[in-house]
Amino acid sequence: MKKYTNEHEWAELDGDIATVGLSDYAIKELGDITFVELPEMGQVAKKGESIAFIESVKAASDIYAPLSGEVVAVNSELDTAPELLNDDASQTWILKIKVSDSSEMDTLLDESEYKIFISAL
Amino acid sequence: MEELKRTALFDKHKELNARNVGFCGWEMPVQYEGVIKEHDACRNGAALFDISHMGEFFYEGDIANSGINNACTTDFVKLPVGKCKYGFLLNEKGGVIDDLIVYKLDATHLMFVVNAARIDVDFEQIKSHIKSGTFINRSNEVSKIDIQGPKSKEILQTIVSFDLAELKFFGFKQSELLGAKATISRTGYTGELGYELYVDNETALKLWDRLIDLGAVPAGLGARDVLRLEKGYSLYGHELDEQTTPLEAGIDMFVQYDSHDFTGKKALLEQKNRGAKKRIIAFKTNSKRSPRQGFEIYQNGQKIGVVTSGTYSPSVQSGIGLGFVDTQLFDENAKQELQSARGNIPIEVTKLPFY
Chain A
1 MKKYTNEHEW AELDGDIATV GLSDYAIKEL GDITFVELPE MGQVAKKGES
51 IAFIESVKAA SDIYAPLSGE VVAVNSELDT APELLNDDAS QTWILKIKVS
101 DSSEMDTLLD ESEYKIFISA L
Chain B
1 MEELKRTALF DKHKELNARN VGFCGWEMPV QYEGVIKEHD ACRNGAALFD
51 ISHMGEFFYE GDIANSGINN ACTTDFVKLP VGKCKYGFLL NEKGGVIDDL
101 IVYKLDATHL MFVVNAARID VDFEQIKSHI KSGTFINRSN EVSKIDIQGP
151 KSKEILQTIV SFDLAELKFF GFKQSELLGA KATISRTGYT GELGYELYVD
201 NETALKLWDR LIDLGAVPAG LGARDVLRLE KGYSLYGHEL DEQTTPLEAG
251 IDMFVQYDSH DFTGKKALLE QKNRGAKKRI IAFKTNSKRS PRQGFEIYQN
301 GQKIGVVTSG TYSPSVQSGI GLGFVDTQLF DENAKQELQS ARGNIPIEVT
351 KLPFY
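Those protein sequences? They're chains A and B, same order as listed. Mapping of the first sequence onto the numbering used here: position 28 corresponds to residue 28, and the numbering continues sequentially without gaps. Mapping of the second sequence onto the numbering used here: position 248 corresponds to residue 248, and the numbering continues sequentially without gaps.
The shape of chain B in the complex, shown without the other chains (with noise of 0.2 Å):
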């Protein structure tokens, strides 16, 4: 088996004790000191997640007529500069070769922010796209460090010399932190006011145990699925991948339809027209039980879907999950549960965020 890679904060890690686990090649602490101290901390102050495991790309040159405008669902040449926007790269069938970020840092310079896993897929894939300019990975030069939170903003302006107030969600601003560039972004995958940090590996080191002495509170890759499937985010290689359309997935509001060509749309837009196979559900257990992943969809005895995500939720008190039912077999007035080895949970459909 090929070695796990580690981010610059493995000691920072290991020092606070972390139980690490292997994450799409990669030793991630998934926990420091509990899931729902650490989903807590988010919800009610702030919470840090070490996320550079995350890749980072960047371009620069001509947007508009080098091709790279082409390689994704979103529209860099009307994105503003300061604006950043979650998108899709799609295989010519429409189904999710990842889902990213790309931040228009000025009129010739973009950053994408994409997952771990697809780092290698991804870089070949954009760069398909480009017949000028210059495209760098610079993913081992790059950690993120998220802070989310109601505190976050407090915590964060102590350190940061700009008001964050000017930050709008979705903006962001090149300055400094700790005497170093930066990119501070008011984004984040836990539905909580808060902040995605871009420095280089060296600062981080030194940003990570700023923020602690600050009041933040470490949290693993355990407490950031929980905070993300209460808010209902797709995670890629669950909701997300090359067999599934941002259609299916049900987040095809992010997909600019109208204004720019891109890979996939031509599948895209027929199978918005024709209706697709399978839809996503977001379903609560109203019961200690929780769904997990590949649990099977039943209604009426017959098997119509599976699931992709599934945890307790702390905020909710309930088993909450998603999955993929077969669209024409999906009943919404029927009752639907799941079978697992330890007999049948009764689920009950709901609409999104579950928080």
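Looking at chain A on its own, in the form it has when it is part of the complex (with noise of 0.2 Å):
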């Protein structure tokens, strides 16, 4: 099941694997994806650390990690198509961390806390 950051980052947990990518709120925010800078693999952040980077025509914007832990993979093809998140940015992931701490992500909001967090913005 997804949760969502205040900064718009979504996180889905299998095991001790966060996938993370960003919500469609903040890919229609940004507009037309150009590019996006990916971490390096074994990067480790703490949750709420700045962790990737992207662009718009228009804008840009850090991306921060949702969870706490090490990036163990990335996906190279928003390296040739960051449109990808335009088309569906639910279904695109960004990176995956292997999370040094689970309970983390009690913290975070679940859809309908987000939706409520969203309307509000």
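FYI, nobody ran anything at the bench for these hints, they're computed from the structure. Since the structure is predicted, the reported quantities are computational estimates derived from the model, not experimental observations. Beta carbons are placed, not taken as given, at the ideal position from N, Cα and C, and that holds for glycine. Check the hints yourself; a few may be wrong.
Said to hold, decoys possible - Label pairs and their in silico Cβ distance ranges:
no.	chain 1	residue 1	chain 2	residue 2	range
1	A	Lys115	B	Gln243	53 to 59 Å
2	B	Thr350	A	Gly48	36 to 42 Å
3	B	Asp331	A	Ser76	36 to 42 Å
4	A	Met41	B	Leu329	38 to 44 Å
5	B	Val77	A	Asp87	42 to 48 Å
6	B	Asp209	A	Lys115	33 to 39 Å
The two chains are supplied separately, each in an independent frame; assemble them into the complex guided by the hints.
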């Protein structure tokens, strides 16, 4: 089940591996995505730290680690086809993190909480 | 905060699910379906822009002797009737109060088209030159719709009674559109074949719908900015301001130095002789990284300037930008780079247009 951060990342946990992407809302706000700077494999980040970077034609934003851990996979398809995120952000993962503390998942918003959060923005 | 103004077409944009943005005191559509799609519509088909926030002033009187001909870098006396010209309102130091297009409607009538954010300043500045005649700000009564792109001519031709081929670049005609008076101008801000249409607010609603029915694609200010930057056109508040001269901005070819007196001429000529302290450069990142306004420009570890406009260009498939550098420090044989929070971005200085 996907959970969300206030910074519009989503995370889905399978064992200790979290798949991470950006919400449809975030991608829609950014517009046409032109560039995703993916992290190095093995990069370690704490929850809330900048871990990647995304640009659209007219905007740019950091992507923050939704959970603490180590990067174990990146979606290198995004190097050549960043527009995949515009096609379907909820199905387009950006990176995978081997999480160091899966209980952090409890601090994230579930789908309905996130919907309420963005409706107030 | 002051409430944002809305154009006559505001509800049309809402129906089209436009995403709006505050721009120069106006609530304007930044995009409808997406910047790249709207950009491509303009380069390959026809794009439709609501530019009604821009200002229109009208002068009637003795153009040669009222003083109005000293207001602007354009010589209105020499300007032929039926032609318009791009030029500048300058301060005494040669800094740009605004860039504008002036239309010679007939021997005694002019129309000034100015940037939205500068309407009040410009009106007072021009008025201060005028000793006779009438000068009126009709910005609130006039809507401006731009149709731009290779298909704009065939689309517009279906609702225009004269042959659009008669209009040469920077030519215009006062005619009718959908039964109302209109000024149809062969001009634009995209570098494509295109027209700028000036109509009353009521006609604008019908015209907007009709042009969409005929195949024009609504496009927002986001696409417009990318399109103008690909051609290297200046944008007031970015490349142009009161601290920047047309010479420094690299566009003093639009200044008519030789024909008439105008405010700022002396300072501009002095700068031309002496040399300017700063100059504009155009550059590409040759990557998907985009320059952004405010990024600093470095050369051999030394800061030499700042970015004034930047975007990703779908036509060039690279980040592109404009910025100003210190004329003394800039070395065209050296390598320049931008400093951003996410590391340095190498740039290649290039000639305009980008596309």
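Status of the hints after comparison with the structure:
no. : hint                              : verdict
1   : A:Lys115 <-> B:Gln243: 53 to 59 Å : 47 Å, violated
2   : B:Thr350 <-> A:Gly48: 36 to 42 Å  : 40 Å, holds
3   : B:Asp331 <-> A:Ser76: 36 to 42 Å  : 38 Å, holds
4   : A:Met41 <-> B:Leu329: 38 to 44 Å  : 40 Å, holds
5   : B:Val77 <-> A:Asp87: 42 to 48 Å   : 57 Å, violated
6   : B:Asp209 <-> A:Lys115: 33 to 39 Å : 34 Å, holds
The structure fails hints 1, 5 (numbered hints given earlier, in ascending order).
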